[in-house]
Amino acid sequence: MYTLSNRLRLFSIILMVVGLVGLIIGFADRPGSIEEVKEMMAAHDAHGGGHGEAQAAGHGAEDAHGGDAHYEHVLHQLQNKPWASLYVAAFFFFMIALGVLAFYAIQFASQAGWSPVLFRVMEAITAYLVPGGLILFVILALSGFHVNHLFVWANPDVLDVTSKDYDALITGKASWLNGTGFIIRAAIFMGGWLLYRHFAVKYSRKQDEDSEGNKWYKKSFKISAGFLVFFIYTESMMSWDWIMSFDPHWFSTLFGWYVFASLFVSGITTIALMTIYLKSKGYMEFVNDSHIHDLAKFMFGISIFWTYLWFSQFMLIWYSNIPEEVTYFITRIEDYKLPFFGMVVMNFVFPLLVLMNSDFKRVNWFVVMAGIVILCGHYIDIYNMVMPATVGKSWFIGISEISAVLLFLGLFLFVVFRALTKAPLLAKGNPYLEESKHFHY
Amino acid sequence: MASKVIHALYIDDDVLMDAVKKVRAEHYHIEEVFCPFPVHGLDKAMGLPHTRLAITSFMYGCVGLIVAILMMNFIMIEDWPQNIGGKPSFSYIENMPAFVPIMFELTVFFAAHLMVITFYMRSRLWPFKQAENPDVRTTDDHFLMEVDAGNHDVDQLTSLLSDTGAVEIKVIDKEDDNH
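Going down the list, the sequences are from chains A and B.
Just so we're aligned, residue 539 is where the first sequence starts under my numbering, counting upward by one.
Just so we're aligned, residue 3 is where the second sequence starts under my numbering, counting upward by one.
Extracted from the complex, chain A is given alone in its bound form (with noise of 0.2 Å):
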């Protein structure tokens, strides 16, 4: 058993305080006025403009539109900020949890027999679903309601023909993005990974206290086989609605499985930053070195995946050139430059090198530093999918991303390693454990 140790649990209580004070004070710096934004512009320019070419672009725009059009645009992008840095790392940490769960189904769909000793990591990732998933619910209706200005087609005023920011596309796509079924489409996925989650975890655990025939395990591989269908549409829809409507009048038809590989893989990598973790800490001491091997493989394996998708995105809307396609990539490569082709490097290239040689994946500080590599990559990946529609040119990583990081960084840690202590490391009663303790490679 498990016992979560006291530093570990102050740890991330401190964490969830530091990053909710950091959030209160992100939302209460927020500027109020046209004034205080020409103010805080101001100040900015007395600094010596040391913030990097987006701060540049954004004072040469604002030349160039002279009246108050310009600070007013930018009064709403700040006041976005909070929610959307809010929303990118609520977001962040639900999607490992959720790619732990696909990955848990998959090893009982495919009757994998190399990784039932990871079994109670997986399902101790997944706890975190209920509480994330909770808070993501209550974020995503406030902003399917437009409490907050993240989504555009929230506002009323885009349906109204006589408004001044009526929009005929999104009027359009009405009968889908609006807050209604937004929030009911939410419940649905959320409903059904919530209730796949409890009953594999469930049969597992009935399944170690009466191994008599498999009874349980053969349940477990109905419903897991049957979650991965429910899966993989709801997934995409997903992807649609909670990030893809962020720009509502692009669209791209790869994009589920965009997201699905950014989060299948962040969910592979935690698996293995927690297994080294409680390795190093004495625990499961049945996990050898074939199993890190294995989960630096798929890390690599999926990162390449991801770049597939991510690129085979780019080159067709590069290619063909259409302006209502391009016009997503124009902004990420004009405004987001470092932060596009920076989380590249850190999804692609980094791990393409670090991890191809086969001893590199047993070396645990490899797989590790490549692991965190690869988790602040994705990161970046979600806040490049959500920040230009939300906040523009007035990008910065400041206090509210950060302490958003922070915050649900705690309560991840918090949740997960108290799910740990509920059962034993060991899910003793699976019928291919025998296999996955001998299993080398």
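The hints are simulated quantities; they were obtained by calculation from the structure and are not laboratory data.
Be aware that one or more of the hints could be misleading.
Said to hold, decoys possible - Below 25 Å or equal to it, Euclidean Cα-Cα: the simulated DSS-like pairs (lysine-lysine) are:
1) A:K966 x A:K744
2) B:K24 x A:K975
3) B:K46 x A:K835
4) A:K875 x B:K89
5) A:K975 x A:K817
6) A:K975 x A:K744
7) A:K975 x B:K23
8) A:K975 x B:K46
On the provided structure of chain A, position chain B as indicated by the hints.
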């Protein structure tokens, strides 16, 4: 000069793996193991040095990547620039995304083909070559371990091998170039 070798046949890869470990633990020299299919971990159990084939593959891949870059630069930029889809080919870097699939394919092509050819050369395999395996059953369902008898006591070695689960043991006088 003739040397004595012992051929021990097995019918299960797990039994073979255990046998290899036991024979090596007794400090006998295993010349070769013939298998109908690749057995995971056998190279480690036999104490063979780690293969360098992967390193050659990486280098071949790099060569393929460079060939693709130079080739596309010559074909599409230098020799015959065209305007495709409103993207005039006057600069390699600006047209690079269009060449990425070719770079990828040639990297894989070079790495895979040259690695296989290297493997054939390294294992001295070529078309119409006489098979080296001493017993045709190793191409079907038997595993054969060839142990160098050397100066050891043959009877002792034979009994050790039969203890490890060999189904058949033969002592062979091997001529040096009698392949």
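Original post:
For which of the previously enumerated hints does the structure constitute a violation, in increasing order of number?
Top reply: Violated hints: none; all satisfied.
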